[in-house]
Amino acid sequence: MTDFLCVNNLTQHFISGDQKLEAYSKVSFSLKKGEFLSITGPSGCGKTTLLRTIGGFLPPTSGTISIAGKDIKEPGTHCGMVFQTFDQLLPWKTILGNVMYPLIINHKFTNRVETQHHARKYLDMVGLDKFKDYYPYQLSGGMKQRVAIARALAMEPSLILMDEPFASVDADTRVMLQRELKSIWYKSGITVLFVTHSIIEAISLSTRFLVMGKSKPSIRLFEENSIHSEPDKLITPENTGYSEWWSRLSHLIREGNDSSAHE
Amino acid sequence: MQRKQALIENEIWKSLIGISSRMWKKGWIRGILYIFLVIALWQVAYVSKRFPPILFPSIGEIAHSFLRDLLNGSMLSRIGFSLKLILYGMIISATIAMVLTLLAMASKNFKSLVTSMISIFDPLPGIALLPLAILWIGIGEEAIIFIMIHSIIWPMLLNVIGGFSSVPAIYRDLGYAFGLKRNRFVFGILIPASIPSILTGFKTGWSRAWRALISAEMVFGATGSSWGIGWDIYLKRSYLDMAGMFASLLVIMIIGIVVENLIFKTIERVTVIKWGMAL
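Chains A and B, in that order, give the protein sequences.
Here the first sequence is numbered in my numbering, starting from -3 and rising by one per residue.
Here the second sequence is numbered in my numbering, starting from 32 and rising by one per residue.
It should be emphasised that the hints constitute simulated quantities derived from the structure, not laboratory data.
Computed from a predicted model, the values in this text were never measured in an experiment.
Where hints are given, some of them may not hold.
As the list claims (entries may be wrong) - Chain A is faced by these chain B residues, among others (derived, beta-carbon under 7 Å): (1) 58; (2) 200; (3) 216; (4) 218; (5) 222; (6) 227; (7) 306; (8) 307; (9) 308.
Cβ coordinates follow ideal geometry from the N, Cα and C atoms, glycine included.
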């Protein structure tokens, strides 16, 4: 299978006054279609910046990104994005309106009835169809995140970028959302890039890990998840190899937090 | 028997207190009660004869003038004239404010120019420009509209530019992620996200324009055969028609209350309050 996402020698610098701040440097990796990649690492290692650059929200200082052979220069509908914040729904639109809006403006369907039917299918998938006429402020944080996921999925992009989407929800909701996401990912065959701080979340969900460090080299690990499990279910500590991966990732993240270690 | 009677009376009192307390909690009922209190105090002052009756008319005389002007159509004609001017002023100002805001969003230098202009001109009362308006534009509706535009545009611009500038970055990112560009981005993201500030701008603009209009009308007088409420008050002063003057002042207050409570509150109810975006 040919590579679907190619990140080639990507570097991101920011200039602040006289100082040059390096978010990450010379990041290269590629993914096959349908993979679930968790990007993890210590705070400030550039995970979110990398995700935003891949999404086209930030132009890279150098390097290239291509999705399905097409160079990415700006944000657009080539990939769906789910942000960390709860406030990523448009408050002036209903829940259904939020899911329908990108479909309407991108003319995904020829008429409103079809658009609505499609949007409701995805709302139903995240268990929120009965809240379709609510406004975002009337929903809990977890529900808003589910709507955001439904909205991103409804566009049926081939790639979805998620920036710690479950970071601010309570533990029970988090596990429930992880289960839903894994099942949706399996059913839809979509490629997912998932930024997370949580090692447990990374192991439970992904087919591949990318661990970043604060200093060079920016990529400390890029490897397939070798734990065998049912593909549409969360990987749990009962699965063989879980603890080995946990120790390995946690060691790498601790090591990546030491900014002087590799300089 | 007596005990039963006392119990019934007690229940009636409790019920009456309950009803009064519930009614008191309703803002509009309290408002009406305050109005009746003012009317009663006014009438007491009139009956006491402490002020010359020619300068202090009775409530009955004011009500009579009010009804007379209302029924003979003159009041509606004055209101129509004033509201027509204010509507022109609001539409022209809103259009200019929107164009200037979009230019300010497109260019940092232009934004700095506009914000400097706001700080220079906003503190200048519209009425101070009257002599200039007379010399530049002449006496007429255009001059009144000029004064009103000056009164509306600066607070409106301040709020609209402020609203556009403070649209959360997440909504901008969403707009880009949905593939919105240029005017679709403006109408799809920037304007709806700024509605709370735009509404504040309109409310401030309206109240400033209303004040400016009445003042300007008093100076400019009638244009042709029609005139507005401001000039109407001025004319009634000349004829020492005190009851008529108070009736016109009442009209100004009623219009202010109606616009604030009916129009703006309704717009807020169907937009920012409904969306949970109220400032």
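Tested hints:
1. 58: 24 Å, violated
2. 200: 10 Å, violated
3. 216: 10 Å, violated
4. 218: 11 Å, violated
5. 222: Result: violated, 10 Å to nearest chain A Cβ.
6. 227: 10 Å, violated
7. 306: 5 Å, holds
8. 307: 3 Å, holds
9. 308: At about 5 Å, which falls below the 7 Å cut-off, the nearest Cβ of chain A leaves the hint on residue 308 of chain B intact, so it holds.
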